[in-house]
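Enquirer: One-letter residues, chain by chain:
There are 2 protein chains.
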Amino acid sequence: MENFEFYNPVKILFGKDQLKQLPGQIDKDQKVLLIYGGGSIFKNGVYNQVKSALDGYQVLEFGGIEPNPHYETAMRAVELIKAEKVDFLLAVGGGSVIDATKFIAAAALYEGEDPWHILSRRKEVKAALPFGVVLTLPATGSEMNNGAVVSRVETQEKFAFSSPNTFPQFSVLLPDAAGTLPKRQVANGIVDAFAHVLEQYLTYPANAPLQDRFAESILQTLVEVAPAVYANPADYNAMSTLMWCATMALNGLIGSGVPDDWATHLIGHELTVLHGLDHGQTLAVVFPGIFRVLKEEKKAKLLQYGARVWGIREGSEEERAEAAINRTEEFFRSLDVKTKLSEYYIPEETIEVIAQRFESRRWTAIGDRGLVTPDVVRKVLAIQYK
Amino acid sequence: MENFEFYNPVKILFGKDQLKQLPGQIDKDQKVLLIYGGGSIFKNGVYNQVKSALDGYQVLEFGGIEPNPHYETAMRAVELIKAEKVDFLLAVGGGSVIDATKFIAAAALYEGEDPWHILSRRKEVKAALPFGVVLTLPATGSEMNNGAVVSRVETQEKFAFSSPNTFPQFSVLLPDAAGTLPKRQVANGIVDAFAHVLEQYLTYPANAPLQDRFAESILQTLVEVAPAVYANPADYNAMSTLMWCATMALNGLIGSGVPDDWATHLIGHELTVLHGLDHGQTLAVVFPGIFRVLKEEKKAKLLQYGARVWGIREGSEEERAEAAINRTEEFFRSLDVKTKLSEYYIPEETIEVIAQRFESRRWTAIGDRGLVTPDVVRKVLAIQYK
Numbered sequence: 006m007e008n009f010e011f012y013n014p015v016k017i018l019f020g021k022d023q024l025k026q027l028p029g030q031i032d033k034d035q036k037v038l039l040i041y042g043g044g045s046i047f048k049n050g051v052y053n054q055v056k057s058a059l060d061g062y063q064v065l066e067f068g069g070i071e072p073n074p075h076y077e078t079a080m081r082a083v084e085l086i087k088a089e090k091v092d093f094l095l096a097v098g099g100g101s102v103i104d105a106t107k108f109i110a111a112a113a114l115y116e117g118e119d120p121w122h123i124l125s126r127r128k129e130v131k132a133a134l135p136f137g138v139v140l141t142l143p144a145t146g147s148e149m150n151n152g153a154v155v156s157r158v159e160t161q162e163k164f165a166f167s168s169p170n171t172f173p174q175f176s177v178l179l180p181d182a183a184g185t186l187p188k189r190q191v192a193n194g195i196v197d198a199f200a201h202v203l204e205q206y207l208t209y210p211a212n213a214p215l216q217d218r219f220a221e222s223i224l225q226t227l228v229e230v231a232p233a234v235y236a237n238p239a240d241y242n243a244m245s246t247l248m249w250c251a252t253m254a255l256n257g258l259i260g261s262g263v264p265d266d267w268a269t270h271l272i273g274h275e276l277t278v279l280h281g282l283d284h285g286q287t288l289a290v291v292f293p294g295i296f297r298v299l300k301e302e303k304k305a306k307l308l309q310y311g312a313r314v315w316g317i318r319e320g321s322e323e324e325r326a327e328a329a330i331n332r333t334e335e336f337f338r339s340l341d342v343k344t345k346l347s348e349y350y351i352p353e354e355t356i357e358v359i360a361q362r363f364e365s366r367r368w369t370a371i372g373d374r375g376l377v378t379p380d381v382v383r384k385v386l387a388i389q390y391k
Numbered sequence: 006m007e008n009f010e011f012y013n014p015v016k017i018l019f020g021k022d023q024l025k026q027l028p029g030q031i032d033k034d035q036k037v038l039l040i041y042g043g044g045s046i047f048k049n050g051v052y053n054q055v056k057s058a059l060d061g062y063q064v065l066e067f068g069g070i071e072p073n074p075h076y077e078t079a080m081r082a083v084e085l086i087k088a089e090k091v092d093f094l095l096a097v098g099g100g101s102v103i104d105a106t107k108f109i110a111a112a113a114l115y116e117g118e119d120p121w122h123i124l125s126r127r128k129e130v131k132a133a134l135p136f137g138v139v140l141t142l143p144a145t146g147s148e149m150n151n152g153a154v155v156s157r158v159e160t161q162e163k164f165a166f167s168s169p170n171t172f173p174q175f176s177v178l179l180p181d182a183a184g185t186l187p188k189r190q191v192a193n194g195i196v197d198a199f200a201h202v203l204e205q206y207l208t209y210p211a212n213a214p215l216q217d218r219f220a221e222s223i224l225q226t227l228v229e230v231a232p233a234v235y236a237n238p239a240d241y242n243a244m245s246t247l248m249w250c251a252t253m254a255l256n257g258l259i260g261s262g263v264p265d266d267w268a269t270h271l272i273g274h275e276l277t278v279l280h281g282l283d284h285g286q287t288l289a290v291v292f293p294g295i296f297r298v299l300k301e302e303k304k305a306k307l308l309q310y311g312a313r314v315w316g317i318r319e320g321s322e323e324e325r326a327e328a329a330i331n332r333t334e335e336f337f338r339s340l341d342v343k344t345k346l347s348e349y350y351i352p353e354e355t356i357e358v359i360a361q362r363f364e365s366r367r368w369t370a371i372g373d374r375g376l377v378t379p380d381v382v383r384k385v386l387a388i389q390y391k
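Protein sequences, first through last, are from chains R and X. Residues 6 to 391 (our numbering) make up the first sequence, in order. Residues 6 to 391 (our numbering) make up the second sequence, in order.
Simulated from the structure, these hints should not be mistaken for lab results. Treat each hint with caution, since some may be false.
Note that the list lumps identical chains together, so a pair holds whenever it fits in one copy or between two copies.
What the hints assert, rightly or not - Once the Cα atoms are required to be at most 27 Å apart in a straight line, the calculated DSSO-like pairs of lysine-lysine come out as:
{"no.": "1", "residue 1": "K25", "residue 2": "K131"}
{"no.": "2", "residue 1": "K36", "residue 2": "K48"}
{"no.": "3", "residue 1": "K391", "residue 2": "K87"}
{"no.": "4", "residue 1": "K391", "residue 2": "K343"}
Just chain R, same shape as in the assembly (with noise of 0.2 Å):
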């Protein structure tokens, strides 16, 4: 095992009528500027329930962060603090809403010369805004760390950054509130969620049997639950096992003490930049792909993956590596989440742009041991277009 520090402070409160306890968690003269997204929240309840539950404060509202939210958007949230000297944010929705969140709460506190630098150059977030969590959507696990991906439109780049001053303080977790989702965003998240996992799970053997076991418990639970959760969003059980799993794949825990890879993430969000294609739709594309390319590399997790998540014991190693590559790449397309990029009307030329990107950017050798230089960034798009 590696040495690791391993740190979250986030206080979770999950389940049914987590609402009420709203009031317990932010101090009653806090100005509070209540963050959302497109309106779904109007449409399920929660807008609502949160108004209500926090009756007696002062809250402003700031709605209309997108998917992939834009640092452009952010900016204009963080004048608006400023201007309203607001004390508390809180994040109500999905993924996107609490990175949004994340990034105003230290672009709102930033003494640096522009707050772009955060994400484009790392700059330190030395402080940022308290905020709270209130989640309807499982995917991203950005409710229970201290991470954010944010991208600018005029630029056309995604970039992520992390603090130990950016977790939330709570988060409150919704079933029932993500039972109305659309399939398509289900789909999605359970894509999401799988995929944090095979970043931090499927590198290499590291004498971290507890890890392994515990990544391996959250791609298991999310086979398991995937069918009933996609067919039925409302089915409560199986909405808040993969809640629950999408909050636990990217917190920190099994990432702890083992190496990792993210390569899949930093191509996929170029595909998104570019084309607007769904964060979980570039995942499905992309994870086969880099499992294809590596597939010597990453063999001995790819045969313990196999057999422990998908119980593939028979054939020669060769076999075995390749039907646990084939078997990820039809979950993802039971969800029917495509996954070439030709399904997906990408010209052939975005390979070249995106691996001149990594290597402008100097990603020379990124994901675990560096195996992923801006050949095998060309060889993983390639072979996804068959």
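Assemble the complex: chain R is given as a structure, and chain X must be docked to it using the hints.
Expert: Using the frame of chain R, we list chain X on its own:
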């Protein structure tokens, strides 16, 4: 899944040379009281490493915390703290030292009539001194939770308490130091961690498949690693795995959203205060007894546990449940921990003494679903004489 709250702000620093990070965790102007046990930290070198890491701090010491730490001893530490105006406590050792430190931290700031009531009457702990942990013995999980168990010699009583104010601020986990432990302590630690999982898992199905798999992950990993770490505690990889298993077994995670039990611990505590059995020994006796007496009530989970942890998939339900119980008992015995009261030379009169203690405390329906009545306690102890 049941509604739940999960909150665990303990910062974990795990691995080799992590004591170097100690100064970063405690303010330089704090007056620190080092709390330790019977002196093993002098033999394994940890005392010197801690003192050297705290060079420049004002450090006092309080040694001699017993296994199953004594209320009487803890209160002497409280006197010292008040006299010397100590700001910060640092527990160095295993679960007993940590548990004592939690109680000392709470008692030092307790404003009620008698600090004993924190234990005997579960009086609320409204404040506690801040403290950190240096862990040298994997077993109790106390390094990453807010609970403690303390015994009063005078009255032969052993009680638990917990409070949101008694989480360690940080815990440095040292597998290297644990490598010097006597085998008996390693065996007790394995049994303790295993038992902590069983208390939160072996109840009844509750639509919580991820929590079940996390629990099974710890159990499987303990079974896998036990022979190696018991044979050679200095095996760093094996000891690291045991240490992380023991921490994860009781940090609130696997118990979130599911029913729990704890009857085995409550019965076991009586065997310790009345007859001096090691905590691990009491669990190895009582768990097989509980399973035998409540086999029908716990059958669904016993079968799942048998299949997933021990690979028991053949035979009738009765045979499989029986096999799961026997494999559990054999596992404890493989670590040279005896599982029969006769093997510890405990007089049979003890059964009635313990049952009557439960009656006098009105513990008439403890454990999951309140299944454990004083009569069940009698049966559980009687069945483990044979």
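Enquirer: Taking the hints in turn, state whether each one holds.
Expert: Do the hints match the structure? See the list:
no. : hint        : in the structure
1   : K25 - K131  : between (32 Å within a copy, 24 Å between copies)
2   : K36 - K48   : within (25 Å within a copy, 56 Å between copies)
3   : K391 - K87  : neither (51 Å within a copy, 74 Å between copies)
4   : K391 - K343 : within (12 Å within a copy, 62 Å between copies)
In this structure, only the earlier hint numbered 3 is contradicted, and the remaining ones agree with it.
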